[in-house]
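**Q** Here are the chains, one letter per residue:
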Amino acid sequence: MNFEVIRDYLPLYIKAFMLTIKIGWIGIALSLGIGVFSAFILHFKIPIASQIVKVYVELFRNTPLLVQLFFVYFGLPKIGISISAEAYGAIGLGLLGGSYMTESFRSGLDAVKVSQTESALALGMSKGQLFTSVILPQAVTLSVPAVVANLIFLLKETSVFSAISLMDLMFTAKDLIGLYYNTTECLVMLVVFYIFMLLPVSILGSVIEKKTRFKMFGD
Amino acid sequence: MGFEVLLKGNNMLRLLGGLGVAMYISLISVAISIFLGIILGALMTLKNPVINAFSRVYLEIVRIMPQMVLLFIVYFGATKVLGINLSAEISSIIVFSFWGTAEMSDLVRGALSGIDKIQYESSMALGMNTRQTYFHVIIPQIIRRLIPLSINLITRMIKTTSLVMMIGIVEVLKVGQQIIEANRKSSPNAAFGVFATIFLLYFLACYPISCLSKYLEKKWEN
Amino acid sequence: MEEILRVNNLSKRFEDIEVLNNLSLSVKKGEVVVIVGPSGCGKSTFLRCLNGLEEIEEGEIFLDGEKVSSNKKNMSKTREKIGMVFQSYDLFPHKTILQNITLAPIKVKKRKKAEVEEEALKLLDRVGLLSKKDNYPRQLSGGQKQRVAIVRALIMHPEVLLLDEITAALDPEMVREVLDVVLSLAKEGRTMLIVTHEMAFAKAVADRVIFLENGKIVEEGSPKEFFEDPKTDRLKKFLETFSYEK
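Just so you know, the protein sequences line up as chains X, V and D, in that order.
Counting from 1, one number per residue, gives the positions in the first sequence under this note's numbering.
Counting from 1, one number per residue, gives the positions in the second sequence under this note's numbering.
Counting from 1, one number per residue, gives the positions in the third sequence under this note's numbering.
There's no promise every hint is true.
To be verified - With a straight-line Cα cutoff of 25 Å, these simulated DSS-like cross-link-like pairs (lysine-lysine) come out:
| no. | chain 1 | residue 1 | chain 2 | residue 2 |
| --- | --- | --- | --- | --- |
| 1 | X | Lys127 | D | Lys110 |
| 2 | D | Lys77 | X | Lys113 |
| 3 | D | Lys122 | D | Lys133 |
| 4 | X | Lys211 | D | Lys133 |
| 5 | D | Lys95 | D | Lys132 |
| 6 | X | Lys127 | D | Lys112 |
| 7 | V | Lys218 | X | Lys113 |
| 8 | V | Lys218 | X | Lys45 |
| 9 | D | Lys246 | D | Lys216 |
| 10 | V | Lys214 | X | Lys45 |
| 11 | X | Lys127 | D | Lys187 |
| 12 | X | Lys174 | V | Lys174 |
| 13 | D | Lys67 | X | Lys127 |
| 14 | D | Lys132 | X | Lys210 |
| 15 | D | Lys107 | X | Lys127 |
| 16 | X | Lys113 | X | Lys210 |
| 17 | D | Lys216 | D | Lys28 |
| 18 | X | Lys127 | D | Lys77 |
| 19 | D | Lys29 | D | Lys67 |
| 20 | X | Lys211 | X | Lys113 |
| 21 | D | Lys237 | D | Lys28 |
| 22 | D | Lys132 | X | Lys211 |
| 23 | D | Lys246 | D | Lys28 |
| 24 | X | Lys54 | V | Lys214 |
| 25 | X | Lys127 | D | Lys81 |
| 26 | D | Lys95 | X | Lys211 |
| 27 | V | Lys218 | X | Lys54 |
| 28 | V | Lys174 | X | Lys113 |
Simulated from the structure, these hints should not be mistaken for laboratory data.
Sequences and hints are given; from them, build the entire structure.
**A** Below, the structure is given as structure tokens:
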């Protein structure tokens, strides 16, 4: 391995890393917003809106992100919708993630026992009080494992951004390999940067999962 | 809107052929993953420290490394490090099986350790021997838990194989790009129609499988 | 003594099954009424109707002279006056014991936190669980959880307390600690409607016992006549299922 090559490439990788993280987390923030919103719609069985959410969730859960990105990036401009590649990346990831987050939050909400609702009502709580102080906190805790899994999944999915010419880590690695053939160095750096990006989330996720599980269920 | 290109010549057939390539790679990978995953999953329940350490590292690698990165490592790296020239198809099958085996083994381990101890004990108490216990009581329960999850793995595999275009395999997205390119002059808006169609094709391929998996899971709950 | 709860001709059906059949009942202030009967006789449904967990289809319920309706806004007010404890305790798993007790008075009655906590601690002390105030429900035994659930209902100062098979999910050795709390509540003159399978307890705590079958009151009376001199064959048969002979 040639460390001079690594030193030379480092700034490029760092730039790509920052871009990947930026778009990744904007997309994730979007997906959380979409997920919470849609899960409420499903949980409260709001007519029409919940049908739309169901179609959205099935469409995006059953197609690959790459295809979704190609469609929004290359397809939408043809019918007059045109924004930057970065915005497409974030929105694409947000829509994909939103469909997964919706499922996670919805199953969290549905997993709160009916008897919890009853005992809160029996104490005279209103629907609003019941939801904010009894159901919501439990639902959030119950959906933590699935949400953490989604976070990791979505951060990994950022690796397809290069397909819509975003200069992310994959793009940089591929580009440098093509230009200078320093394959080993490029690949090692690629792996190291992805470890930087994902290992902390993975470890932190496990800790949070354990903590919340402990709070609710013991062991 | 660009849908008309698909009616030209055999463009639609070519697109379907491209999807076929993706399906083919994913089905082979799923078959390998299920086979190896069952073996590894069963080994993991033995609580052997060496196997456990190995599988933890393996599962964590798969958990945090994007398949795309793995694909690059195998496709570009193998030539450089091992000096063998792997075709893009072989590389992708290796990577997807590597990923799928990890997923499958974790499911198998979960299904195996999820069987209540009382199930073994009550079978034994009824006078069954170990072979009968496994054959009549344990394995049928495990299969019921695993089948929906394995089917689910198929849809995830199909979705993942869309990545192979990035290492040059001519699958549905690549065919789509070729069609758009060839008709740039006559149908400037082809990108919308073609990619919308591919989007739907993937949906049509995956949705019924997801439904089947959900249906079986519900049916066999308890 | 004045009447606090009155039920007139209450009926309720689930699809084809008549769960409550024209049921009428009057409860006086400070009275302890125990309802017994075979499973599926409608006794739990009856309690659930009283605080609106089941919709009232036919009949009327009056609490303190005021009509209880299924109207949502009034229901919350009614529930403040009628406390209920369930078989499965249903403490809130994400809150500590103290928070479990103080949540409703603070949120629903808008009482001051300090004042509510002081009362909560007194009540916890009374049921012998003061030391558990900062624990989470999962760290408590079933009997302890049920005692907390009783405190959680008491702190709302209900005029009537409904206890729905509160010992049915408990291990036998924990039943006593819960029932002792209920006995002490009866002694201080609380109005309670109790559904239970513990006949010895029913005998000790009740002012009046009711035998419910197929959604109807078949027989009722003081514990003495109810258990020692049952009039109807149905009740005789029911009571026989609790005694063993070789």
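**Q** Any hints from earlier that this structure breaks? Give me their numbers in increasing order, please.
**A** Violated hints (numbers, rising): 9, 11, 21, 23 and 28; every other hint is consistent with the structure.
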